[in-house]
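If you read the sequences in order, they're chains A and B.
Residue numbers 3 to 277, in my numbering, belong to the letters of the first sequence in order.
Residue numbers 3 to 266, in my numbering, belong to the letters of the second sequence in order.
A hint or two may mislead.
Said to hold, decoys possible - Covered, in the sense of this in silico footprint (three residues per stretch, anywhere, with C-beta under 8 Å from a C-beta of chain A), are these stretches of chain B:
#: 1; stretch: 9 to 20
#: 2; stretch: 44 to 52
#: 3; stretch: 66 to 80
#: 4; stretch: 141 to 151
#: 5; stretch: 187 to 201
Claimed, not checked - Lysine to any residue pairs mimicking SDA-like chemistry, simulated, CA-CA at most 20 Å apart:
#: 6; chain 1: A; residue 1: 65; chain 2: B; residue 2: 93
#: 7; chain 1: A; residue 1: 65; chain 2: B; residue 2: 89
#: 8; chain 1: A; residue 1: 65; chain 2: B; residue 2: 88
What the hints contain is simulated information worked out from the structure, not anything from laboratory work.
Built from N, CA and C at the ideal position, the CB exists for glycine as well.
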Amino acid sequence: MSIAFSKRGPRLGFFEVHAENYMGEGGLPHHQLRSIAERYPLSLHGVGLSIGGEGDLDRDHLKRLRRLVERYRPASFSEHLAWSTHESAFFNDLLPLPYTPETLERVARHVAEAQDILGVRMLLENPSTYLVFEESTIDEIDFLAAVSNRTGCGLLLDVNNVVVSSINHRLDPFAYVDRFPLDKVGEIHLAGYDEVTDEAGERLLIDAHASEILPDVFDLYRHTLRRFGPLPTLIEWDNDVPEFPLLFAEAERVTAALQEAWRLQPEAAARRSAA
Amino acid sequence: MSRVRICRVGESQFAAALLPREAAMPEGLSTRSGRRDAARFAVYRNNVGVGLTRALERRYPVTLRLVGEDFFRAMAREYVALAPPTSPVMLAYGSQFPEFVENFPPAAGIAYLADVARLEDAMASAFHAADEACLAMDALMAIPPDQLGDVRLTAHPAARLVSSPHPVGTIYARHGQDAVSPVTHWCAETVLVTRPHIRCEMQVLPVEEAGFAAALFSDEALGPAAEQAASRGGFDFGRALLRLVSAGAFSAAVNSAEKEARHA
Numbered sequence: 003m004s005i006a007f008s009k010r011g012p013r014l015g016f017f018e019v020h021a022e023n024y025m026g027e028g029g030l031p032h033h034q035l036r037s038i039a040e041r042y043p044l045s046l047h048g049v050g051l052s053i054g055g056e057g058d059l060d061r062d063h064l065k066r067l068r069r070l071v072e073r074y075r076p077a078s079f080s081e082h083l084a085w086s087t088h089e090s091a092f093f094n095d096l097l098p099l100p101y102t103p104e105t106l107e108r109v110a111r112h113v114a115e116a117q118d119i120l121g122v123r124m125l126l127e128n129p130s131t132y133l134v135f136e137e138s139t140i141d142e143i144d145f146l147a148a149v150s151n152r153t154g155c156g157l158l159l160d161v162n163n164v165v166v167s168s169i170n171h172r173l174d175p176f177a178y179v180d181r182f183p184l185d186k187v188g189e190i191h192l193a194g195y196d197e198v199t200d201e202a203g204e205r206l207l208i209d210a211h212a213s214e215i216l217p218d219v220f221d222l223y224r225h226t227l228r229r230f231g232p233l234p235t236l237i238e239w240d241n242d243v244p245e246f247p248l249l250f251a252e253a254e255r256v257t258a259a260l261q262e263a264w265r266l267q268p269e270a271a272a273r274r275s276a277a
Numbered sequence: 003m004s005r006v007r008i009c010r011v012g013e014s015q016f017a018a019a020l021l022p023r024e025a026a027m028p029e030g031l032s033t034r035s036g037r038r039d040a041a042r043f044a045v046y047r048n049n050v051g052v053g054l055t056r057a058l059e060r061r062y063p064v065t066l067r068l069v070g071e072d073f074f075r076a077m078a079r080e081y082v083a084l085a086p087p088t089s090p091v092m093l094a095y096g097s098q099f100p101e102f103v104e105n106f107p108p109a110a111g112i113a114y115l116a117d118v119a120r121l122e123d124a125m126a127s128a129f130h131a132a133d134e135a136c137l138a139m140d141a142l143m144a145i146p147p148d149q150l151g152d153v154r155l156t157a158h159p160a161a162r163l164v165s166s167p168h169p170v171g172t173i174y175a176r177h178g179q180d181a182v183s184p185v186t187h188w189c190a191e192t193v194l195v196t197r198p199h200i201r202c203e204m205q206v207l208p209v210e211e212a213g214f215a216a217a218l219f220s221d222e223a224l225g226p227a228a229e230q231a232a233s234r235g236g237f238d239f240g241r242a243l244l245r246l247v248s249a250g251a252f253s254a255a256v257n258s259a260e261k262e263a264r265h266a
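If we strip away everything but chain A, and leave its shape as in the complex, we get (with noise of 0.2 Å):
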């Protein structure tokens, strides 16, 4: 195993950690957390917004955010197409909402909300979805744009979650990372997913970030470098954390795509860097 350890720390373009694990006072997770930010740019990655919620955003939280941004100053702020909060119960899991006209306006005003009072241009990311609601009558990438032409918000692009959703309702994958819009993804997440059958007996796909990414994951990636040129992408691997070299190696895959995407398309990569 060869790791590039210097002195500074692993060879790594950037961290990301879940906002609300940094909500407590001090001790160790500040700690670790100062001496990451001191080395590496920080992306914090927000669970717990609600944004695809029904009701207002929680304004407590939105001010523990804009704690942590003026504390840590982040390279990057994102968050979920999704809802966790119902009236005071918090589920701790990233829960769909139907694309209507009426959810679109809700989300948008929520983006610009947060986007004001953390001072930050955020991104949104794309969910994992199991079901799909009767009353939908926008497609999710044109939701997506459309959030992010009304706010001006950037989109995480997470292509484990394009896998997972993807085989769930038997869409194409790499038709919708085809038609996702170009410019306006500013990050991209990878995962591992877990499998198992719906009552049918049909492949249901969970988006479980306890492996490493799966082949057709990583397919989809290089896929999507292809398009889009190179872009900060971050492997999600939170449950069943393995020990750091396999976690690096993973990163290693990564960066192995990310310079293949540099080599192919230095056009691409010049324009992204230029934007």
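Place chain B on chain A using the hints.
Chain B only, in chain A's frame:
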């Protein structure tokens, strides 16, 4: 016949079907081919249930070890359904769990279980408490001896005191190792939790010092706290104070006599 009734799923219907054991899947959700599939909705139910109970497993590892995984998960599922989180800050979730354990009938036979959970909750909240420098012994020694009796000590943000009629500190320590050894001496214990540097530490206080520590944590001045404690045999003021201060129990010494003098 192509007339299809489109059913709207409100967030409240979706939310209501997540935690109760026997809840039915809401209308208006289907596969893309229009088939209702409970196995698919169960993914959400499972994510929510497992996610919340796992948060309790992480906060209460010794409690889990004492009763075993099956018992703990069943108990945690009941707590989660009764008291789901009310904030997205999950690192604070589960602080009411010890009280729930105390009143959970199937756990009534394990009298010490709730107090072990209280100690674990104290460790978890100490872990995330605010950063502050600990009071050093030097700072106390700089106070003129005739004024020491009026000094009140401010508890460090991460300092906790857990008292139980059961040997909770010993039970906790024995279950933190791979091999559990039996507790031979069954007695009441008062456990001090502190975070002198970055890691949390705990120690069982000598029985004659427990009341003294509790008095100082309740903002009693050193003099009266020591007088009360001295009525118990074996109490040594200097030894007790040194133990608490060097563990990092306090963040400041407030000399009330001096303050009054300054204000005069």
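Status of each hint after checking the structure:
1. For a cut-off of 8 Å, the count of residues in the stretch 9 to 20 of chain B with a CB near a CB of chain A stands at 9, and the three-residue condition holds.
2. Look at the stretch 44 to 52 of chain B against chain A: 4 of its residues bring a Cβ nearer than 8 Å to a Cβ of that chain, three or more, so the hint holds.
3. Figure legend: the stretch 66 to 80 of chain B, annotated as covered by chain A; annotation inconsistent (0 residues with Cβ-Cβ distances under 8 Å, at least 3 required).
4. For the stretch 141 to 151 of chain B, the proposed coverage by chain A is not satisfied: 0 residues have a C-beta within less than 8 Å of a C-beta in that chain, short of the threshold of three.
5. Here's how the stretch 187 to 201 of chain B fares: 3 of its residues keep a CB closer than 8 Å to some CB of chain A, so the rule of at least three is met and the hint holds.
6. About 17 Å separates the Cα atoms of residue 65 of chain A and residue 93 of chain B, which keeps this hinted pair within 20 Å; it holds.
7. Between residue 65 of chain A and residue 89 of chain B the alpha-carbon distance is near 13 Å, which keeps this suggested pair within the 20 Å criterion.
8. As the CA atoms of residue 65 of chain A and residue 88 of chain B are separated by approximately 16 Å, the hinted pair is consistent with the 20 Å bound.
Hint check: violations occur at hints 3, 4; the rest are consistent with the structure.
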